[in-house]
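Could you slot chains B and C onto chain A? The hints should help.
As a plain string of letters, each chain reads:
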Amino acid sequence: MSENYSLGEIAAFLNAELRGDPQTLISGLNTLKNAGSGELAFLANEKYVSQLPSSTAEAVILSARHVSNVKGFSGTLLIVDNAYLGYAQISKWFDTAPQFLAGVHPSAVVHKTARIGTNVSIGPNVVIDADTVIADNCYLAAGCYIGARSQLGEGSRIAANVSIYHDVSIGSGTTIHSGAVIGADGFGFAPDGAGSWQKIYQIGGVVIGDNVEIGACTTIDRGALGDTRIGNGVIIDNHVQIAHNVVVGDNSAMAAFSGIAGSSTLGRNCILAGDACLVGHIDVCDNVQVMARTTVTKSIEKPGSYSSGITPFMESREWRKNAVRISQLDSMARRLKALEKKNS
Amino acid sequence: MSENYSLGEIAAFLNAELRGDPQTLISGLNTLKNAGSGELAFLANEKYVSQLPSSTAEAVILSARHVSNVKGFSGTLLIVDNAYLGYAQISKWFDTAPQFLAGVHPSAVVHKTARIGTNVSIGPNVVIDADTVIADNCYLAAGCYIGARSQLGEGSRIAANVSIYHDVSIGSGTTIHSGAVIGADGFGFAPDGAGSWQKIYQIGGVVIGDNVEIGACTTIDRGALGDTRIGNGVIIDNHVQIAHNVVVGDNSAMAAFSGIAGSSTLGRNCILAGDACLVGHIDVCDNVQVMARTTVTKSIEKPGSYSSGITPFMESREWRKNAVRISQLDSMARRLKALEKKNS
Amino acid sequence: MSENYSLGEIAAFLNAELRGDPQTLISGLNTLKNAGSGELAFLANEKYVSQLPSSTAEAVILSARHVSNVKGFSGTLLIVDNAYLGYAQISKWFDTAPQFLAGVHPSAVVHKTARIGTNVSIGPNVVIDADTVIADNCYLAAGCYIGARSQLGEGSRIAANVSIYHDVSIGSGTTIHSGAVIGADGFGFAPDGAGSWQKIYQIGGVVIGDNVEIGACTTIDRGALGDTRIGNGVIIDNHVQIAHNVVVGDNSAMAAFSGIAGSSTLGRNCILAGDACLVGHIDVCDNVQVMARTTVTKSIEKPGSYSSGITPFMESREWRKNAVRISQLDSMARRLKALEKKNS
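Chains as they are written, first to last, in the numbering used here: chain A, 392 to 735; chain B, 392 to 735; chain C, 392 to 735.
Next comes chain A alone, as it looks inside the complex:
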């Protein structure tokens, strides 16, 4: 569990202007609405400004522009440039995740050719295969599997029951959540001309950068020829599918159920919202936002926000009446044109 910290040390870490007693101790983080004595809150969203005056938080992180809204609030202020970022930065101090001790649990199975760094924690029933490299300060939780010749960079954390196949290279400071699968075969098959599928053995690997976060039950397939590549600082939610030979650029974000089909590339600083996808063999440039449920069917060369997915929701009876007209759209367009001609 987290310790207590003084507002003075918190303000110093956040480079915040402190309006209150630096000796006051903070025992936890909470929302403006729920925070009480000894708890630190934050105000990042305009929507919650009205909660500030009545908040019982011990202290609040806020941006300069909100200082005028504090009337009635009796706690301490920590004034920063970006309150949401400040909250994010301090959140690590109050993390509830257990701290793990270095060492290899006796039930773990570590191949004799594996090279294990210092201060590494290897949990119960972890299996580490031949010719692997686990750098210093890594943490591998219960039941995860690291295949032959795979590598984990310094300080990476692999949660319980993660599966990493052979020839996967993972950078430093990267976190992979439970149920994720890295390096399974890409979906490659050739029709054999007689109605069956001939498997294409997937002989490439996966290369994942530094400071990447990979969500639960997310899959990143190995390359067919050459590697699937995830850049540095990429953040990936749960249930995401990244197919063989995809390239994802640095600092891009992929929300739940998003996916990229084989051999496509996503640029840097892109965002795929929930259930957005790219078809195979296309290229999306840097700084593109793809809205929820959108299918990107062609390459994108211009930064911006793109959509094709979300249709207005309504009562089901209304939807059915409107949706059936989609099947008449081409006819409607032709009829409209004919009428225009008649009326011109």
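Derived from the structure by calculation, the hints contain no laboratory data. Nothing here was measured: the structure is a model prediction, and the numbers come from that model. Among the hints, erroneous ones may be present.
Calculated pairs, PhoX-like style, for lysine-lysine (alpha carbon to alpha carbon, straight line, at most 20 Å) [stated by the list, open to error]:
1. C/K728 <-> A/K732
2. C/K712 <-> B/K728
3. A/K462 <-> A/K438
4. C/K728 <-> B/K728
5. B/K728 <-> C/K732
6. B/K462 <-> B/K424
7. C/K462 <-> C/K424
8. A/K733 <-> B/K733
9. A/K424 <-> A/K438
10. B/K424 <-> B/K438
11. C/K712 <-> B/K733
12. B/K732 <-> A/K732
13. C/K733 <-> B/K733
14. C/K733 <-> A/K733
15. B/K732 <-> C/K732
16. C/K732 <-> B/K733
17. B/K424 <-> A/K728
18. C/K438 <-> C/K424
19. A/K732 <-> C/K438
20. C/K462 <-> C/K438
21. C/K590 <-> B/K728
22. A/K689 <-> C/K438
23. A/K462 <-> A/K424
24. B/K732 <-> B/K712
Showing chains B and C alone in chain A's frame:
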């Protein structure tokens, strides 16, 4: 495997009117079409009424309104108010899942601070971390992981290779299927203003009620601040995503690939059909049905059925002709209005 | 790692016309663009014909129709009927997956009633339950679980952390990737009339054919009554959902995020593209292609290509303007009709 039961005891359990010999033994359940000697079938769907006369089932559970359709059927009748519910209730008697013996498999790794109830079955390679509580009559199958300070209520069942993180509380009589992940980090990151993402440590937990069912490869993330909450009697299919700080009300149902984004609430007795989703930070009231593929983009305050997802399917050539018109819809609407003006 | 092979033996295996020295050794496969000395490439897609003249590949597999494009290419030619199939066939020779030795790892937990064939490799922490049958030449990787009475046919391969429940039958030559779950309970519940759900125990099993490939984090549920059935030669990508009592015909393919709801049948040689789905209780005939994101809401009796999913993507501002018109479509159609009447 299941035992045999007499029609008399089955009728008594179902509070059914029995028209036949109560001594007849039943060895299994089957469909009307496939049931044979010694097997019990049911008639719940009007669609299958025509199969009744020729059914070779030993006995059939049916509703009073279908008794007039039995002409030709020589088996025994069990007449109930709701035949589908009757079938559901009796199905447990014929369950094929192996019965597990209490005890801790020698390969399991149970932390010395874990409190384990009586009549608990802990399978091979299960890992139970520090300060956990496993109540009486729980069953944990091979390879599952229970993180520090997490709790399992009485009679809950955790299938093979389930991952439960730290600080997760699960009620009694709850079942979690293989590959599910409970308590992984929510997808919380703040832009750092320099093109990178600052992780927001997820310091809340997960609280799951009693008699909940959670499908395979489903993920329920831990809260950022405060808990993600699943009510009592909720049923959740495979590949479902429940993000941080979501609240799901009692007895709601979520089908495969459905999802709820961060901080949204779903009321009680709601249904999300397959691939339906709620965006973040909205509230859906009780008794709402969301149809397949629908994206709920705003709060719903009125019970009912809502849609936005399913468009009519057709041959692909037809679809392409119509779909391209969607990109012309705004123009078509304006042109239609202009024509109306001209014609008025 | 893979060995070297002579072009002579490769050409013989592929039944290819060899234009070059049969003694030349090949050490690996690569793309036309990246292949260098000692590497074999292939030309299957018209799009890459222009890369051929400047390719530094040692040799290239190509179809007769592309021989006229080789001007400038100094490597060896292997001329076949179908270059993509040729590449697929030879890819196995260069597979990088580790070869596994027969034997049972001492950490594996194999029930005394399990029948294990010859030349079987059972990895660390594998758990094999009672009355199972594992045929010859199977490979089970770390941490996978095989439930009671389940069977694996000859030469099947189960990757790390796969979960197979009880009473699942798997054919020969079948591969299942990490995180997949076979035989979890189907999503079957009856409303109890008082607002709660009564679980329907799922007493059927799963039967999977020969030479099937099942992707990572894919789920195939057990039948409610009777079995869920997957034919021979079926290929299934990651994150696929196959519900209870579904039947999938031989050699069909299902891409990522596709799904089939309960009791539906998919014919032989069908393709479900990414995120395509079938609703429950329908039948799709042989030789049907369902395009990405399509929802098949009715049975299909005629082979062909069907769609309902992909709408044109565009800048988000444009999309919003057009999408809102979908909610006016029925009104637009009526107004168009009225205008036509007026103008007739």
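List of violated hint numbers, smallest to largest: 11, 17, 19, 21, 24
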